[in-house]
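There are 2 protein chains.
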Amino acid sequence: MPQAVVLDLVGPHPPLYLGKYAHGLFFSLVARLDPDLAEILHGARKKPFTLTPLQEGNNWVRLRFSSLDDKLFHTFLTSLLQIAPDGVPLGATPYRLVRVLANPQEHPLVGSATWETLRSAPPLGELTLVFHSPTVFATSKPGGRNRYTPLPEPRLIARSLLEKWQAYSPYPYGAKEEAALLNLFELDLELASFHGLRFHRVQAAKGFLPGFTGEVRLRLHSESVLVREALGRLASLAFYSGVGAKTPYGMGLVVAKLRS
Amino acid sequence: MPQAVVLDLVGPHPPLYLGKYAHGLFFSLVARLDPDLAEILHGARKKPFTLTPLQEGNNWVRLRFSSLDDKLFHTFLTSLLQIAPDGVPLGATPYRLVRVLANPQEHPLVGSATWETLRSAPPLGELTLVFHSPTVFATSKPGGRNRYTPLPEPRLIARSLLEKWQAYSPYPYGAKEEAALLNLFELDLELASFHGLRFHRVQAAKGFLPGFTGEVRLRLHSESVLVREALGRLASLAFYSGVGAKTPYGMGLVVAKLRS
Numbered sequence: 025m026p027q028a029v030v031l032d033l034v035g036p037h038p039p040l041y042l043g044k045y046a047h048g049l050f051f052s053l054v055a056r057l058d059p060d061l062a063e064i065l066h067g068a069r070k071k072p073f074t075l076t077p078l079q080e081g082n083n084w085v086r087l088r089f090s091s092l093d094d095k096l097f098h099t100f101l102t103s104l105l106q107i108a109p110d111g112v113p114l115g116a117t118p119y120r121l122v123r124v125l126a127n128p129q130e131h132p133l134v135g136s137a138t139w140e141t142l143r144s145a146p147p148l149g150e151l152t153l154v155f156h157s158p159t160v161f162a163t164s165k166p167g168g169r170n171r172y173t174p175l176p177e178p179r180l181i182a183r184s185l186l187e188k189w190q191a192y193s194p195y196p197y198g199a200k201e202e203a204a205l206l207n208l209f210e211l212d213l214e215l216a217s218f219h220g221l222r223f224h225r226v227q228a229a230k231g232f233l234p235g236f237t238g239e240v241r242l243r244l245h246s247e248s249v250l251v252r253e254a255l256g257r258l259a260s261l262a263f264y265s266g267v268g269a270k271t272p273y274g275m276g277l278v279v280a281k282l283r284s
Numbered sequence: 025m026p027q028a029v030v031l032d033l034v035g036p037h038p039p040l041y042l043g044k045y046a047h048g049l050f051f052s053l054v055a056r057l058d059p060d061l062a063e064i065l066h067g068a069r070k071k072p073f074t075l076t077p078l079q080e081g082n083n084w085v086r087l088r089f090s091s092l093d094d095k096l097f098h099t100f101l102t103s104l105l106q107i108a109p110d111g112v113p114l115g116a117t118p119y120r121l122v123r124v125l126a127n128p129q130e131h132p133l134v135g136s137a138t139w140e141t142l143r144s145a146p147p148l149g150e151l152t153l154v155f156h157s158p159t160v161f162a163t164s165k166p167g168g169r170n171r172y173t174p175l176p177e178p179r180l181i182a183r184s185l186l187e188k189w190q191a192y193s194p195y196p197y198g199a200k201e202e203a204a205l206l207n208l209f210e211l212d213l214e215l216a217s218f219h220g221l222r223f224h225r226v227q228a229a230k231g232f233l234p235g236f237t238g239e240v241r242l243r244l245h246s247e248s249v250l251v252r253e254a255l256g257r258l259a260s261l262a263f264y265s266g267v268g269a270k271t272p273y274g275m276g277l278v279v280a281k282l283r284s
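Chains as they are written, first to last, in my numbering: chain A, 25 to 284; chain B, 25 to 284.
Hint data in this document are derived by calculation from the structure and do not stem from the laboratory. Careful: at least some of the hints might be erroneous.
Repeated chains share a single entry, so a pair holds when one copy, or any two copies, can fit it.
To be verified - Below, a list of computed lysine to any residue pairs in the SDA-like style, where the Cα atoms sit at most 20 Å apart:
no.: 1; residue 1: K230; residue 2: L121
no.: 2; residue 1: K200; residue 2: E253
no.: 3; residue 1: K95; residue 2: H47
no.: 4; residue 1: K230; residue 2: R171
no.: 5; residue 1: K165; residue 2: R252
no.: 6; residue 1: K200; residue 2: T237
no.: 7; residue 1: K44; residue 2: A68
no.: 8; residue 1: K44; residue 2: F232
no.: 9; residue 1: K70; residue 2: V122
no.: 10; residue 1: K165; residue 2: E247
no.: 11; residue 1: K165; residue 2: R179
no.: 12; residue 1: K230; residue 2: A204
no.: 13; residue 1: K165; residue 2: E210
no.: 14; residue 1: K200; residue 2: G220
Only a predicted model underlies this, so the values are computations on that prediction, with no experimental measurement involved.
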């Protein structure tokens, strides 16, 4: 079941490369209990989790972890709680785990939902997305061209979410429906407006990537039940899956404001 | 030869619908001297001119007019100067033409360049565009779907400019080169960054359209002389042609900051 928690860690100083250290911590925690799972995750093209530095202060950091995979979620959290008494390493420095927030009433970015709940999300004709962390789409082209698109193009947003749904939901669309959805998103999903759109260049994995933050309103010019239902599901998924590339490095944290 | 002038008009009050009135004035001025030309312009899918309200005050307005067509430019200006002594109608109100700025030293948005100058513009690998007035791309889809894209997508910017070049330059690319250019822009022209991107909804022609303003940096990932040369030409053209849809209604006013 898709889940998101927030972790508060206290240490001697803010980590130098929080995103990178958090990523390293995550993989070492998973590998500690389940090396095969860590191996599979390393190889997965679409990762079923996001890991986002939310805030940091002089001697503390706040991380968000979300997952689309039960086994992964439990492995990570169990491993974290097991090592917590000895300190949680971010880079070479041990931090103290002071809090795991898992209740939506404690923090707006935590929560959980069953796949059945996501599947029965109300259909949407319009949708506002708030991109909290820099978001980018990998739009690579033939001939080994690595290209990135740091713009909220509706078809890229929808395609990214649909790919995540197809990869991790127990209720994926069939090939024909998936193709129809991609086509309808391309034809009928329009950017109605945006607000506070900002450009960023952020460190993610080995290099720096461009990305955008801001608020975006999408409108669906279609009465098709299939596509409106899908938009509802994908909007509900976004909170747990993130959008676009490098969500395990803190990119693509998005929250949907729903309006049917 | 591509040309741009700025007109200052003084009247009893600011016009209610400046963009619309300016558009009406333009067509009546052209039709006055050359009804056939006005007819052709009305029917043209890509218009060879832009008409942009730049500023207005309590009792004055400043309009920019740019043209890709010598005959059109001279017809418009001759007709304007002929009627000027009797007042220039914006809507039902006569305004007084107080100034025509045609010297780039008088205003940064006026000037002229021969097609030969544009054709021999220096090749570019990088380009900054400042979108002064709201800009939008008509990205209509099959089945009578009218769609608009108010985002600075590099391929849409390049395609719009190339279409204008092909339609009005005396040195259009051959069909094969044009196809190669469109393909290379699609593959290799990337949005490097943006700054101050804002969303607008503006009245243009009969309805309201979305649009963006702001500064955008494009980068060409290609050493191809053909495509770098084309980018240089299109960047020089943009000042006169504008970018995207509804340039005759004041949309798509863009200025290139060149860097080779």
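Okay, the hints, checked on the actual structure:
no. : hint          : in the structure
1   : K230 <-> L121 : neither (27 Å within a copy, 60 Å between copies)
2   : K200 <-> E253 : within (16 Å within a copy, 43 Å between copies)
3   : K95 <-> H47   : within (18 Å within a copy, 64 Å between copies)
4   : K230 <-> R171 : within (16 Å within a copy, 38 Å between copies)
5   : K165 <-> R252 : between (30 Å within a copy, 19 Å between copies)
6   : K200 <-> T237 : neither (33 Å within a copy, 39 Å between copies)
7   : K44 <-> A68   : within (18 Å within a copy, 55 Å between copies)
8   : K44 <-> F232  : within (12 Å within a copy, 46 Å between copies)
9   : K70 <-> V122  : neither (31 Å within a copy, 63 Å between copies)
10  : K165 <-> E247 : between (33 Å within a copy, 16 Å between copies)
11  : K165 <-> R179 : both (16 Å within a copy, 13 Å between copies)
12  : K230 <-> A204 : neither (36 Å within a copy, 33 Å between copies)
13  : K165 <-> E210 : both (18 Å within a copy, 9 Å between copies)
14  : K200 <-> G220 : neither (37 Å within a copy, 41 Å between copies)
In this structure, the hints that do not hold are numbers 1, 6, 9, 12, 14, in rising order.
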